[in-house]
Amino acid sequence: MTTTAATAATPAPRTAAGRRKVHDPMRGGPISYVLVILITLVSVFPLYYTAVMASHTNAEMAARVPPLLPNASIFDNLRKAFELAPLNLGLINSVIVASSVTLGTVAFCTLAGFAFAKLRFRGRNALLGFCVLTMMVPMQMGVVPLYILMSRAGLAGHLQAVILPTLVTAFGVFFMRQYIASAVPDDLLDAGYMDGASTLQTFWHVVVPAARPAMAVLAMLTFLTAWNDFFWPIIVLSSQNPTIQVSFQSLATGYAPQQSIVMAGTLYGTIPVLVAFAFLGKHIVGGIMQGAVKG
Amino acid sequence: MTSHALLGRPQPASAKQAKPRSRLHLPGRRSGYVYIAPFFIVFLAFSVYPWIDTAWMSLHDVRLSTYDERTWVGLGNYTDLLTNSYFWNAFFNTFTLGVISTVPQLCMALGLAHLLNYKLRGRTFFRVGMLMPFATSLAAATVIFVQLFDPDIGLINWVLTHVFQLPAVNWVDSKWPAQIAISTICTWRWVGYNALIYLAALQAIDTHLYEAASVDGASRWRQFLHVTLPGLRPTIVFTIVVSTIGAAQMFGEPLLYDPSGQPMGGSENQYQTLALLMYQQGWSNDRLGLAAATAWTMFLIIVVAVSVNLLVARKRRMLS
Amino acid sequence: MGSRPLVRSMLALAALLAGVSACTSGGQTASSKVTLEGPCGTKKDATVTVGLFGTFGFQENGMWKEYKKRCPNITIKQNQVTASGDYWTRLKTRLASGSGLDDVVAIEQGFVADVVQNHADEFVNMQTVPQAAALKKDYYGWKWKQATTPDGKSTVGLGTDIGPEAICYRSDLLDKAGMGATPEELAQKWTTWDSFIKFGKQYKAATNGKAFLDSAQSVFSTAVYQGKRAYSDEQGQPDLEHSDGVKTAWKYATQAAEAGITAKLAQFSDAWNQAFSSGKFAAIACPTWMMPYIQSQAGPAYAGKWAVAPGLPGGYSNWGGSFLGVPAAADQKAAAVALVTWLSEKDQQVKMWTSKAQGGHFPSNDKAVQDPAVADATSAYFSDAPVGQIFGGIAGKMKTLPPVGIYDTQIGTVLSTQLSNVEKRGTDPDKAYAKAMDQIQQITG
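In order, the protein sequences belong to chains A, B and C.
For the first sequence, the positions run 1 to 295 when the numbering used here is used.
For the second sequence, the positions run 1 to 320 when the numbering used here is used.
For the third sequence, the positions run 1 to 445 when the numbering used here is used.
With the rest of the complex left out, here is chain A:
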């Protein structure tokens, strides 16, 4: 049996295990590159096309050969978007909401995930089962009672009303539980306990470092979900104190809204996420890589 032609110029010599490798099996070949580049293009295209649509009027987009390049009128449309909606306030609010939700989810769900994975207490399995079950309840239905709850607490219209319901997710608990269960060896924990460490110390010094990849992924996914959430925010917030998705609601106005303005605003609302990816992506993805438990 040989390695595929794509992987290496020289086939791996059959030598005794444990010898220094001649070629790195983890190095990708040209086919890998082609595939990955293709997938990246497909992934990025709609975002790019948002920029194209933000540069052209409805009539221009209707042309027989639709435009494929963005142009400078995107800035003009963005200026119009700013006149219509408090986009920057929306951005700041979204940063607050998404960060709080991310911090809360990662912290609380890691704690609970650890408990479910590595601690023994009465009702553990029942509670975990309950958690997983609740993931299956469709969210949209709870909206009316939730709004009434929020308005009674005086929170309607405030960011807390958006933060609190998403501050923890059953998904997060289940995700962290699955990861910690398989990535943190019991021996490591036992060693800690034998040295007299408390569960909290063990959690902090053993579990958290080992769970970093999963925490990074959960953080990223939670942040993006919170950033793009709009069903509940539209109901409970107002354009006076909007998240970015709610502020888009002010962009399509009049009997004949211009899609270019909506798209320009949408694009502007995606920029912080892109910037965060550009600057932090390396660290986030790097964090995923470094946290790996060897052994």
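Worth flagging that the hints you see were computed from the coordinates, not collected in a lab.
Fair warning: this is a prediction, and the values are worked out from it, not measured in the lab.
Be careful, since some hints might not be right.
[To be verified] The calculated lysine-lysine pairs, modelled on DSS-like cross-linking and capped at a C-alpha distance of 30 Å, are:
#1 C:Lys251 / B:Lys175
#2 C:Lys280 / B:Lys175
#3 B:Lys175 / C:Lys431
#4 C:Lys305 / C:Lys397
#5 C:Lys280 / C:Lys247
#6 C:Lys201 / C:Lys251
#7 A:Lys80 / C:Lys65
#8 C:Lys145 / C:Lys351
#9 C:Lys351 / A:Lys80
#10 B:Lys175 / C:Lys210
#11 A:Lys80 / C:Lys305
#12 C:Lys356 / A:Lys80
#13 C:Lys346 / C:Lys69
#14 A:Lys80 / C:Lys68
#15 A:Lys80 / C:Lys77
#16 C:Lys69 / A:Lys80
#17 C:Lys424 / C:Lys176
#18 C:Lys424 / B:Lys175
#19 C:Lys435 / B:Lys175
Guided by the hints, dock chains B and C onto chain A, whose structure is given.
Just chains B and C now, kept in the frame of chain A:
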């Protein structure tokens, strides 16, 4: 250790040696509750309470316009539902849409994670790139997909008719093409997400296993089958559960795909999912009680679907 | 932020633990009467929030700036939700909880009956507001009636705009088909739906099968309001069995669909938007607010290619329009009432239609329609059509309109969807109608 053993007997990469041991000190008898308390307090208040209220609502005839005037109907909403053709239509649509969107999605995510686990130049860039669909606003992305799939002016039909000389497909009105188009949007959106989850789990697999396999002359495909897959098993189970739940609750894509902007899932309800039906009942038709009954019926259906999935996964593991 | 979020969160939890049940107050304790101090409602500084959905253009037309000049102590903040349906969901949730309501809320014609029947006591009764009540005689009677309870005692809001309809058409396409004529001649040929559909067939024959109308929906949504009754009876309850409007509208719309003279486009879809310039159809039922819509979708290149015929098959009809109401629980009730009254006055109604930026809100008040700025208005884009006269003339003919009901919007959606099945899939009209009745049953319960 020999790589033969590894290749022959797939095992999770770590934590599998949890041999039964008699422990004098079982940690967490009390502290366990402390760890889960923050989660459960918030969760009970803002997620569980509204759901309980919803369950109560499902036993009443209630409309939002006359929210305080509820009439007790017992299980009436549920019996209505089970004899309702719209419910069964949505039920089967949810099933087919779920299958054609999750199965390719998870397979592709696995492959992508495997690819991105290789040392590639600029792999951070690619890893970030594949998350772009998830960062792109769903509304904006759907607008673009709707244009691509437009039967008259869309690029996809243009390619079909001009490049491949095939007949044009009505991606909007015909049932299966419309479902395929929607599942394409779902797949596009969630592949990167799942790939990232797999990628994180791949980090827990010892790279030496790949080296050993490679030294043994295992092809990339065999490495994937015998090192990657077994190492990812718990994560795969996790993503299957999560995707099944996600698919059962599929909502945004079919809602935005409908040119009328209504939650009816096409003019013949040809791609109306259960979540859309529930939305239509509750918000468009203002029958909250019926919608609540749909929500709880959906819950039961998902419980069954997930259990079946888990059973199948377990059975397959036992067989292999 | 400080500790406030924490305190509020604790409060939220406390509310839960105290056993908050789903029963709500609904704000009935608030009075539906109001006293105003001066023209701005209050002498103190106040911020008035206005809840709107996407189709209003108050801000774009400079109305808020103008009001600031008139009432420097009032600051207006607008809360907008793009889609009217999403807006209505949000408003209903807030009405059910009795809190979080804006000081002024917009109510679309399709939903006003629900407010009148189920929430009248949660709104300021405009009949008790002296300035507003004085406006009544200038209002079109049917418009005032739509926002008034059946017993006539309470009026939940003042009308902003109405949607008198004519036919907008592409004169260049008709010329090309050899069927060009003056707008008046065309209006003569289009007096009945039968003659209109006949004209469409001729156009189709003359152009090798091109569609004349955008959709069968164009026929349906116009004709349905030409009967004595549309979707509901006088009590605002859904009743299709006794509706002459629905029967006639369904007949003509399916006729148009089966004759193949429609472009089969879903109204307000992207493909429909693009067809205003692509020439996929030559005519469309055209409430006045459709004019700015067409202009913006087709773009300046099509100026002078579009025109308006001074008439409508089957007589006259109205499509759409809205109201502004003031919740009884509003924080700034007096200031809100003053603002709504001001917006309903002649000058503001005139400006909302004639504005270059966002015209389209045809006045719902007769005095404004008689104003020279409206009556003498022409549209350069629509081949210099005397649009003020055309639409004013149609509005003047509308003495009574069919009653509105609580499920009009939902029922209309169901029927138009089934109509599109006749149009696009060739579904048998009777089967489609039966299906529609079945779906309406799902709504009415």
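Now for the hints, and whether the structure bears them out:
1. Distance hint between lysine 251 of chain C and lysine 175 of chain B is fulfilled; the C-alpha atoms sit about 28 Å from each other, no more than 30 Å.
2. As the CA atoms of lysine 280 of chain C and lysine 175 of chain B are separated by approximately 25 Å, the hinted pair is consistent with the 30 Å bound.
3. Restraint check for lysine 175 of chain B and lysine 431 of chain C: satisfied, since their Cα atoms lie roughly 19 Å apart, inside the 30 Å limit.
4. Of the pairs offered as hints, the one joining lysine 305 of chain C and lysine 397 of chain C holds, with about 28 Å between alpha carbons and a cut-off of 30 Å not exceeded.
5. Restraint check for lysine 280 of chain C and lysine 247 of chain C: the C-alpha separation of about 28 Å stays at or below 30 Å, so the hint holds.
6. A distance of roughly 16 Å separates the Cα atoms of lysine 201 of chain C and lysine 251 of chain C; the hinted pair therefore holds under the 30 Å criterion.
7. At roughly 17 Å between alpha-carbon atoms, lysine 80 of chain A and lysine 65 of chain C fall within 30 Å of each other, so this suggested pair holds.
8. Distance restraint check for lysine 145 of chain C and lysine 351 of chain C: the Cα-Cα separation of roughly 24 Å lies within the 30 Å cut-off, and the hinted pair is therefore satisfied.
9. For the proposed pair lysine 351 of chain C and lysine 80 of chain A, the alpha carbon gap of about 22 Å is at most 30 Å, so the pair holds.
10. The hinted pair formed by lysine 175 of chain B and lysine 210 of chain C meets the criterion: a straight-line CA distance of about 27 Å does not exceed 30 Å.
11. For the given pair, lysine 80 of chain A sits about 28 Å from lysine 305 of chain C by alpha-carbon distance, which is consistent with the 30 Å threshold.
12. Our distance criterion of 30 Å between C-alpha atoms is met by lysine 356 of chain C and lysine 80 of chain A, whose separation comes to about 16 Å.
13. A distance of roughly 18 Å separates the Cα atoms of lysine 346 of chain C and lysine 69 of chain C; the hinted pair therefore holds under the 30 Å criterion.
14. Restraint check for lysine 80 of chain A and lysine 68 of chain C: the C-alpha separation of about 22 Å stays at or below 30 Å, so the hint holds.
15. Only pairs whose Cα atoms come within 30 Å are accepted, and lysine 80 of chain A paired with lysine 77 of chain C is accepted, the gap being roughly 18 Å.
16. For the hint pairing lysine 69 of chain C with lysine 80 of chain A, the CA-to-CA distance comes to about 24 Å; that is within 30 Å, so the pair holds.
17. A distance of roughly 27 Å separates the Cα atoms of lysine 424 of chain C and lysine 176 of chain C; the hinted pair therefore holds under the 30 Å criterion.
18. Note on lysine 424 of chain C and lysine 175 of chain B: the hinted pairing holds, with a Cα-Cα distance of about 14 Å set against a maximum of 30 Å.
19. A hinted pair counts as satisfied when its Cα atoms are at most 30 Å apart, and lysine 435 of chain C with lysine 175 of chain B qualifies at roughly 18 Å.
Of the numbered hints given earlier, the model fails none.
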